[in-house]
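Enquirer: The residues making up each chain are set out below.
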Amino acid sequence: MASIIRPAVFRQSCLNIASKRAFSTKPSPTFPAINKQAASILSKNALGNSFVKEVVPKSIQVAAFHASGRRPILPPLPQVIDGTANDAAKVPSPSPSHGSYHWTFERLISVGLIPLTVAPFAAGSLNPLTDALLCGTILIHSHIGFEALIIDYIPRGRLPGTRKAFDWLLKLATVVVGVGLYEFETNDVGLTEGIKRIWTA
Amino acid sequence: MVAPQGLRNMLPKPKIAFRALSLTSTGSAWRVNTTAFSPSAFVPYNHGHLILAQQRLRRPVSPHLAIYRMQINYFTSPVHRITGCLVSGTIYAFGATYLVSPLFGWHVDIASIAAAFGDLPIAAKLSAKFAFAWPFVFHCVNGCGHLIWDTGRRFKTKQIVAQGWTIVGLSLAGAGWLAFMV
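Protein chains in written order, with this note's numbering: chain A, 1 to 201; chain B, 202 to 383.
Quick caveat, the hints were computed from the structure, so don't treat them as lab data.
The C-beta atom is built at its ideal place from N, Cα and C for all residues, glycine as well.
Watch out, some of these pointers could steer you wrong.
Going by beta-carbon spacing under 8 Å, a handful of chain A positions derived as facing chain B [to be verified]:
1. 76
2. 79
3. 111
4. 138
5. 146
6. 177
7. 179
8. 184
9. 197
All chains should be modelled from the sequences, with the hints used to inform the complete structure.
Expert: If you want it as structure tokens, here you go:
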């Protein structure tokens, strides 16, 4: 069924249908970018695909997409160059508190969770202190986990505002949930006893 | 005919200067490795950007997803993350709900939830218990597997594959035990 969309020509010939001067360096309003009127050379849109768009008509681009096995669904981002063209890639400076110590702390919390989770259910309900300790450890473990999610999916270089927003949102959420769990421990039966009661309801 | 590597050896070795790490520095966390190179041809600032950007856009991409071979870790790793989000998300949601419940007049104390849950039909109860138990048990067991890896053990391919399938089996068994026997 998809074959009806595919044109009879191959991708290369689709692109060659465009002018023979398609990829030459003949100056034009968009090439080199210095010829552009308003946009700064460093603005994010200056070096987009305007070069291709100007030369190859939209219909040919669409036909070329269907004719090829490649899937250019995610085009390359606007090219941003930090510093000059000769600078090496920037390397983050080492920070043990964000690196080595964070890793160790994360593993300590994870290891600590194992006895804290098993004990109350194996030995019958324990006192509120261990329950509160379990709640706190789960909270820290969850916070570290969500932090890893944010770091992975919201890169600082690409989305600085969003990343900051989510960072603070997570901190706020952790504090709110911390207070909520404290209230729950104080006013109600506690996490382990509560889970037991619901489970055996 | 001198090999290209030989020519490179004839150049003076560049001095490499690293800015010292200062724990009290309040500057940007990103530092540039400053190396003393002399470019062979001086290119003006704007033109260099343009050439580099166009080169980048034309660079081919090595195949990655198309050539990946499906293995057990391809599934356990995302599932570990997803189950972690589910369990933590539930706890976060419960904590926040419990805190704001007086404002809206909700009753989310254990007695109310237990009563509501107990009134459900048995099939719904069992499936709900299994649906809650499996992500939790999977995340716990897979987490223990991660901790084993963190000690540097069991990194051979066969061991990793065995571990992956063991975790799947254990999680199903554990969740079944919790849901149906407890």
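Enquirer: Does each hint hold? Answer for all of them.
Expert: Taking the hints in turn, this is what the structure says about them:
Interface hint at residue 76 of chain A: satisfied, since its Cβ lies 6 Å from the closest Cβ of chain B, which is below the 8 Å cut-off. Proximity of residue 79 of chain A to chain B holds as hinted, the smallest CB-CB distance being about 4 Å (cut-off 8 Å). With 8 Å as the threshold, the beta carbon of residue 111 of chain A comes within range of chain B, its nearest partner Cβ sitting at about 6 Å, so the hint holds. Against a cut-off of 8 Å between C-beta atoms, the interface hint on residue 138 of chain A holds, since the closest Cβ of chain B lies about 6 Å away.
Given the 8 Å rule on beta carbons, the hint for residue 146 of chain A holds: about 7 Å separates it from the nearest Cβ of chain B. For residue 177 of chain A, the shortest C-beta to C-beta distance to chain B is roughly 4 Å, which falls under 8 Å, so the interface hint holds. The criterion of a C-beta within 8 Å of any C-beta in chain B is met by residue 179 of chain A, whose closest approach is roughly 6 Å, and the hint holds. Residue-level restraint check for residue 184 of chain A holds (minimum Cβ-Cβ distance to chain B is 5 Å; threshold 8 Å).
Below 8 Å, beta-carbon pairs count as interface contacts, and residue 197 of chain A has one with chain B at about 5 Å; its hint therefore holds.
Of the numbered hints stated above, none is contradicted by the structure.
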